[in-house]
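First to last, the protein sequences are chains A and B. In this note's numbering, each residue's number is its place in the first sequence (first place is 1) plus 564. Reminder that position 3 of the second sequence reads as -6 in this note's numbering, one-by-one numbering, no gaps.
Hints may contain errors.
Residues from chain B that face chain A, not an exhaustive set, calculated with beta carbons under 10 Å [to be verified]:
#, residue
1, T41
2, G49
3, Y64
4, A66
5, P68
6, S81
7, L102
8, V106
9, G140
10, A144
11, D148
Derived from the structure by calculation, the hints contain no laboratory data. These figures come from a predicted structure and were not determined experimentally. Virtual Cβ for every residue (Gly too), placed ideally from N, Cα, C.
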Amino acid sequence: MRNIWAVATNTIRQALRMKIAAVFIILLIVLLPVMGVSMTGDGTLKGRLQTFVSYSLSLTNLLLSLLTIIVSIYTLTNDIKQRQIYTVITKPIRRFQLLLGKLLGVILLNTALLALFSAIIYTFTVYTPKIYDAGEHELLQVENEFFTARASLVPPEVDVTQEVLEAYEERKKSGQLPPGLSEVELKKQLTKQKKLDKRAAIVGQQLVWEFNNVKVLDPNETLFIRYKYDVSINPPDEQVYSRWDVGDSRQYPAAFSSFMRKDPIRTFRELKVPANLIADDGYLAIRFLNVPLNDTTVIFPPDGLEVLYKADTFTANFIRAVLLMLFRLIFLASLGLLASTFLSFPVAILFCLCVFVTATFSGFCLESFDYLGENLTWVYSYTLRPIILLLPQFDKFNPSKFLVPARLLSWVLLVKVAGLMICIKTFLLLLLAVLIFSFREIAKIII
Amino acid sequence: MEYAVETFSLTKVFSDWWGRDKVYAVDDLNLQVRYNEVFGLLGPNGSGKTTTLKLLLGLLFPTKGRVAVLGGYGADPKINARIGFLPEESYLYRYLNARETLDFYGRLFGLPPKVRKMRIEALLDMVGLKAVANRPVGTFSKGMARRIGLAQALINDPELLILDEPTTGLDPIGTRQIKDLVMELAKRGKTILLCSHLLADVEDVCDRISILYGGKIQAEGNVRDLLLRTNKIQITTDTISENTIEKIKLLIKDEHAECEVTSPMDKLETFFIKTVVDAQQQARPTSGAVSTTGISDFLAAETTQENVLDKLVSAPVSRQSPPEAPTTKSTDSRIETSETKPDDKLLRKLTKPDKPTEPKPVAGDRKVTTQPVKSKTPEPEQIRKSILDRLTNRSTPQNENEDSDSK
Chain A
565 MRNIWAVATN TIRQALRMKI AAVFIILLIV LLPVMGVSMT GDGTLKGRLQ
615 TFVSYSLSLT NLLLSLLTII VSIYTLTNDI KQRQIYTVIT KPIRRFQLLL
665 GKLLGVILLN TALLALFSAI IYTFTVYTPK IYDAGEHELL QVENEFFTAR
715 ASLVPPEVDV TQEVLEAYEE RKKSGQLPPG LSEVELKKQL TKQKKLDKRA
765 AIVGQQLVWE FNNVKVLDPN ETLFIRYKYD VSINPPDEQV YSRWDVGDSR
815 QYPAAFSSFM RKDPIRTFRE LKVPANLIAD DGYLAIRFLN VPLNDTTVIF
865 PPDGLEVLYK ADTFTANFIR AVLLMLFRLI FLASLGLLAS TFLSFPVAIL
915 FCLCVFVTAT FSGFCLESFD YLGENLTWVY SYTLRPIILL LPQFDKFNPS
965 KFLVPARLLS WVLLVKVAGL MICIKTFLLL LLAVLIFSFR EIAKIII
Chain B
-8 MEYAVETFSL TKVFSDWWGR DKVYAVDDLN LQVRYNEVFG LLGPNGSGKT
42 TTLKLLLGLL FPTKGRVAVL GGYGADPKIN ARIGFLPEES YLYRYLNARE
92 TLDFYGRLFG LPPKVRKMRI EALLDMVGLK AVANRPVGTF SKGMARRIGL
142 AQALINDPEL LILDEPTTGL DPIGTRQIKD LVMELAKRGK TILLCSHLLA
192 DVEDVCDRIS ILYGGKIQAE GNVRDLLLRT NKIQITTDTI SENTIEKIKL
242 LIKDEHAECE VTSPMDKLET FFIKTVVDAQ QQARPTSGAV STTGISDFLA
292 AETTQENVLD KLVSAPVSRQ SPPEAPTTKS TDSRIETSET KPDDKLLRKL
342 TKPDKPTEPK PVAGDRKVTT QPVKSKTPEP EQIRKSILDR LTNRSTPQNE
392 NEDSDSK
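Here chain A stands alone, though its shape is the one from the complex (with noise of 0.2 Å):
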């Protein structure tokens, strides 16, 4: 253990003293506040703190995330190129507490900066509200809409397996299949089609969910219905009036409270209703029409309703936030070592950021990729799909996605995220880099 925490020192002494790591902390220092300062965002005092939550997360975890990389390769790389390696292998340490050294000088020197910016961050964030003296309203806003940490129910997807096959042996019966089509194409059709009438709403027509077992702390909270509007036709002033009902729709006449709204479409908007509206047992309907001021269908996209409530503090929050980035550097910081068991500087970088990027667009990747032509899509399921599903989805787990829209980081979600990231994923990555490393020689030069 001791020989471990020799090359753990080492490596930290390494990577401050080479300057690898001056470079990324001089300009997170110098961003940070500058971002603090300059970010107005819409204006409002919501708008500014998310912005500035948002860039300034984003920024630390991608100089942090370069940083690993670079640091994790360089470390053992050098050593092997300038030999160093020769007098350490050779004292009474074994090639895996090497490997584990240099991790854990890479996460200590990672956990270090990451708890400094993310104070940082947290400062600015937290003092914003008393720099810029923002009125009575906003401040509540803030306090209900940002400093906190709400939990969200989503719809359950609707089954529309039973109407799907209704309506194909309908056609089937009447004749009215599309010529040129097989059946799996068709009912692929189908169930896009009906999964989209559930989400749309004609002029005059309503659409209803519900909700069971909302468990609120306090019944004297605020609810959040947070939704999106897609539409057929664009209306002029690109606004949608709608009236969204809330409360037991069980019992009749429905215990309801009814909100007018007009919103933009295509943005997310906020619906607060009070939490008292929840039965007893739990349940709550929610039901939104599409009133006759307007002249368009309205449709909600696929994650375009969701209900939030207050669950934590952002603090809470935010801490997680943090743990969740330092679990991607230790991914990354693992797999930068694995790269340089067995490639030179140069080549191990570029395969690290590779493999960083496509976990960074992973959703982006596995979402294009499905847009592609029938034969194309077997060879990429069974070649590009599966590595990308065995990379971290960076993008999923992204921090600003939960603090932005003040959502809660569950610690359930949290050690889900660590058990898959850490646990599986690195510990593969650690055993692959010790396997590679151990059968290596040491002394043979590679050109």
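Following the hints, complete the assembly by docking chain B onto the known chain A.
Just chain B now, kept in the frame of chain A:
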């Protein structure tokens, strides 16, 4: 365990990218290094010396055959803990200073902080780098880096010392120091495997040598035996008169032998050291370069020690015999070796032992000697010895006493 290092049909083939055999760097090598001997591995460039060392230490894997180092495998941490290794160049972390470098290696050995600190200071003293101990080693000259490299190889007080071209980049004084150190360590029961193509170095210090060429042993044996020209005899005297020389010539002629009379030349090494030493004596005390002062300190310790040890050898009661040392070497031959060094006396004269200083208390494992302490003030010799003892972690009775006092 008969041998400290043994190889069995050791073969290393470097193949090209396609896996085709390219170079036989080491070819069916059977090497045997006995315990407590200084063994020299000689050969021209590219003869497989360094490759052999790398194979011994597990930095390369043999294509065929196997190695045994101290009765085990060279890459096993337990074995590594008993080996000191100085690679062909001192590969050091440029950003660490000398003290941090030694501390890092000490920590790799898991040495406790107290022992580590004590050994680091002793080693810095010994290699003459105490004055620059806080400078990054990246700024060191090649010779200085070599000294630090040597110090790191000694930090664990190794049983087996593997030195690859230890004197490259060193000035003649440094070279002389290394040679003296090697002999001194051998006296203390260490085994030393030395690899070099500088024949003068090897000739002075090695008991046995192997000459490698093309990865194979071309010649092997005792240095004296190999170099002894059995049909010649050399007589060296002080200056004598022409008359006497003629008489001797006649005597020899009676035996029907040829004879040649010349004045022996000084070795260039001796001359060089003498010149530098003179220069040092003339210089004002303040103008002496930092490193030079360091070197003379170290030399003083070394030479005096040798002196002390020579005395100790003749009085066996006061000398601790190292536990791991099977005494295969005749001590007489050692004394003879040191007497044949003309520069030793000179150096000793120059770096006269100063007043004794109180030795620092020694931490670490102690092997208690049975010799009682007679006087409160330690003899200068005793102190000299204690400096090396700090290195090799053996305490003199005086130190023992102090240690118990301080507790």
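For this session: Would you pick out the hints that fail for this structure and give their numbers low to high?
Result: 3, 8 and 11
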